[in-house]
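Protein chains in written order, with the numbering used here: chain A, 1 to 109; chain B, 110 to 223.
Don't read these hints as lab results, they were simulated from the structure.
You may find that some hints are simply not true.
[Stated by the list, open to error] The calculated label-pair distances, taken between Cβ atoms and stated as ranges, are:
(1) B:E137 x A:K108: 19 to 27 Å
(2) B:G207 x A:E15: 25 to 33 Å
(3) B:S114 x A:Y51: 44 to 52 Å
(4) B:D116 x A:S49: 48 to 56 Å
[Claimed, not checked] Facing chain B, according to a computed beta carbon distance under 7 Å, are these residues of chain A, among others:
(5) P8
(6) A29
(7) Q31
(8) P44
(9) M48
(10) L74
(11) D77
(12) D96
(13) F99
[Stated by the list, open to error] When the alpha-carbon atoms are kept at most 25 Å apart in a straight line, the in silico SDA-like pairs for lysine to any residue are as follows:
(14) A:K79 x A:N93
(15) A:K42 x B:R118
(16) A:K108 x B:A197
(17) A:K2 x B:G194
(18) A:K45 x B:P117
(19) B:K120 x B:Q189
(20) A:K108 x A:P10
(21) A:K2 x B:G181
(22) A:K2 x B:G207
(23) A:K42 x A:S68
(24) A:K42 x B:T185
(25) A:K108 x A:E56
(26) A:K45 x B:G209
(27) A:K108 x A:A67
(28) A:K42 x B:S114
(29) A:K79 x B:G149
(30) B:K120 x B:G209
(31) A:K42 x B:G194
(32) A:K108 x A:T18
(33) A:K45 x B:S204
(34) A:K2 x B:K120
(35) A:K42 x B:K180
(36) A:K45 x B:T221
(37) A:K2 x B:K180
(38) A:K2 x B:R118
(39) A:K45 x B:Q189
(40) B:K120 x A:D39
Here a beta-carbon is modelled for each residue, glycine too, at the ideal position from N, C-alpha and C.
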Amino acid sequence: RKEVEQDPGPFNVPEGATVAFNCTYSNSASQSFFWYRQDCRKEPKLLMSVYSSGNEDGRFTAQLNRASQYISLLIRDSKLSDSATYLCVAPDNNNDMRFGAGTRLTVKP
Amino acid sequence: DTGVSQDPRHKITKRGQNVTFRCDPISEHNRLYWYRQTLGQGPEFLTYFQNEAQLEKSRLLSDRFSAERPKGSFSTLEIQRTEQGDSAMYLCASSFGGTGNTIYFGEGSWLTVV
Chain A
1 RKEVEQDPGP FNVPEGATVA FNCTYSNSAS QSFFWYRQDC RKEPKLLMSV YSSGNEDGRF
61 TAQLNRASQY ISLLIRDSKL SDSATYLCVA PDNNNDMRFG AGTRLTVKP
Chain B
110 DTGVSQDPRH KITKRGQNVT FRCDPISEHN RLYWYRQTLG QGPEFLTYFQ NEAQLEKSRL
170 LSDRFSAERP KGSFSTLEIQ RTEQGDSAMY LCASSFGGTG NTIYFGEGSW LTVV
């Protein structure tokens, strides 16, 4: 099992749709998690951190389920500008921050 | 600009040549990371430094790769005898404090080995 696994995608959704991505992690002792956004051929940029049960920032909500060892990212009212790859980050068993392979989202008019 | 900076941004080299990338982290950050990313994949952890000490190295980091952070500030990543499989974007990142703090990335150094 990979240390951080994400929905493979791609997700193609219309503007205004709600879309959710899941990410599972293997280190049950992990305390902090992140979602990054990465545009094509650009560096990853922090979208949200998830330290406890969840976090909400405008149209974006991140939730943590410790029992099932997954985090999710919910995007409401999708905009064209939300089109990007979304990367999940969690500590591995050595406490190194590991990235998932990313989930690609395309929001269409 | 007070972000993480990387140099060069793009490098094309012939197979067998050595290349070196430099990273200047955010000034107050004590942790510095190197990742590698190929198209369609997430960033793969290579190594990280806590100040000048290299605390972790991935199995991905073969003997041809070496990273240094001699004074706990900037870092270099050298690849010796480059191979075509080394073609990737090499990302440097930094953070303040321990594991679990936000990691900030530079814009990356693109390497193409021909």
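To see whether the hints hold, each was checked on the structure:
The hinted range of 19 to 27 Å is not satisfied by E137 of chain B and K108 of chain A, whose Cβ atoms lie roughly 42 Å apart. Distance hint check for G207 of chain B and E15 of chain A: the Cβ-Cβ separation is about 41 Å, which falls outside the suggested range of 25 to 33 Å. Range check, S114 of chain B to Y51 of chain A: Cβ separation about 28 Å, and the 44 to 52 Å hint is violated. Distance hint check for D116 of chain B and S49 of chain A: the Cβ-Cβ separation is about 29 Å, which falls outside the suggested range of 48 to 56 Å.
The restraint placing P8 of chain A at the interface with chain B is violated, with a minimum CB-CB distance near 10 Å, outside the 7 Å limit. Interface hint status for A29 of chain A: violated, as the beta-carbon distance to the closest one in chain B is roughly 11 Å, over 7 Å. The criterion of a C-beta within 7 Å of any C-beta in chain B is met by Q31 of chain A, whose closest approach is roughly 6 Å, and the hint holds. For P44 of chain A, the suggested interface contact is upheld, since its CB lies about 5 Å from the closest CB of chain B, less than 7 Å.
The closest approach between the C-beta of M48 of chain A and any C-beta of chain B is roughly 10 Å, which is over the 7 Å cut-off, so the hint fails. A hinted interface residue such as L74 of chain A counts as satisfied when its beta carbon comes closer than 7 Å to some beta carbon of chain B; here the least separation is about 20 Å, so the hint is violated. Evaluation of the D77 of chain A hint against chain B yields a violated restraint, the C-beta minimum of about 26 Å exceeding 7 Å. The beta carbon of D96 of chain A is positioned within 7 Å of a beta carbon in chain B (closest approach about 5 Å), and the interface hint is therefore held.
The beta carbon of F99 of chain A comes within 4 Å of a beta carbon in chain B, closer than 7 Å, and the hint placing it at the interface holds. Restraint check: the Cα-Cα separation between K79 of chain A and N93 of chain A comes to about 36 Å, which exceeds 25 Å; the hinted pair is violated. The suggested pairing of K42 of chain A with R118 of chain B holds, with an alpha-carbon distance near 11 Å, which does not exceed 25 Å. Straight-line distance between C-alpha atoms of K108 of chain A and A197 of chain B comes to about 29 Å, which puts the hinted pair past the 25 Å bound.
Taken as a hint, the K2 of chain A and G194 of chain B pair is honoured in the structure, with Cα atoms around 22 Å apart against an allowance of 25 Å. About 20 Å separates the Cα atoms of K45 of chain A and P117 of chain B, which keeps this hinted pair within 25 Å; it holds. This hinted pair checks out: K120 of chain B and Q189 of chain B have alpha carbons roughly 14 Å apart, not beyond 25 Å. Between K108 of chain A and P10 of chain A the CA atoms are separated by roughly 13 Å; this keeps the pair inside 25 Å, and the hint holds.
Using a Cα cut-off of 25 Å, the hinted pair K2 of chain A and G181 of chain B is violated, with the two alpha carbons roughly 32 Å apart. Restraint check for K2 of chain A and G207 of chain B: the C-alpha separation of about 23 Å stays at or below 25 Å, so the hint holds. Among the hinted pairs, K42 of chain A with S68 of chain A is inconsistent with the structure: their alpha-carbon atoms are about 32 Å apart, more than 25 Å. In summary, the hint linking K42 of chain A to T185 of chain B is supported, as the alpha carbons are separated by about 21 Å, within the 25 Å threshold.
Among the hinted pairs, K108 of chain A with E56 of chain A is consistent with the structure: their alpha-carbon atoms are about 24 Å apart, no more than 25 Å. The hinted pair formed by K45 of chain A and G209 of chain B meets the criterion: a straight-line CA distance of about 16 Å does not exceed 25 Å. Among the hinted pairs, K108 of chain A with A67 of chain A is inconsistent with the structure: their alpha-carbon atoms are about 35 Å apart, more than 25 Å. A hinted pair counts as satisfied when its Cα atoms are at most 25 Å apart, and K42 of chain A with S114 of chain B qualifies at roughly 13 Å.
Between K79 of chain A and G149 of chain B, the direct Cα distance comes to roughly 23 Å. Compliance with the 25 Å bound is thereby established for this hinted pair. Restraint check: the Cα-Cα separation between K120 of chain B and G209 of chain B comes to about 32 Å, which exceeds 25 Å; the hinted pair is violated. Restraint check for K42 of chain A and G194 of chain B: satisfied, since their Cα atoms lie roughly 21 Å apart, inside the 25 Å limit. For a cut-off of 25 Å, the pair hint linking K108 of chain A to T18 of chain A stands: about 13 Å separates their Cα positions.
The suggested pairing of K45 of chain A with S204 of chain B holds, with an alpha-carbon distance near 13 Å, which does not exceed 25 Å. Between the alpha carbons of K2 of chain A and K120 of chain B the distance comes to roughly 31 Å, so the proposed pair goes past 25 Å and is violated. Taken as a hint, the K42 of chain A and K180 of chain B pair is broken in the structure, with Cα atoms around 29 Å apart against an allowance of 25 Å. Restraint check for K45 of chain A and T221 of chain B: the C-alpha separation of about 24 Å stays at or below 25 Å, so the hint holds.
Under the criterion of a C-alpha separation no larger than 25 Å, the hint pairing K2 of chain A with K180 of chain B is inconsistent with the structure, at around 35 Å. Of the supplied pair hints, the one linking K2 of chain A and R118 of chain B is violated, its CA atoms being roughly 30 Å apart against a limit of 25 Å. Distance check on the hinted pair: K45 of chain A and Q189 of chain B sit about 30 Å apart at the alpha-carbon level, beyond 25 Å; violated. Proposed proximity of K120 of chain B and D39 of chain A is supported: the alpha carbons are some 21 Å apart, at most 25 Å.
This entry does not satisfy hints 1, 2, 3, 4, 5, 6, 9, 10, 11, 14, 16, 21, 23, 27, 30, 34, 35, 37, 38 and 39, going by the numbered hints stated previously.
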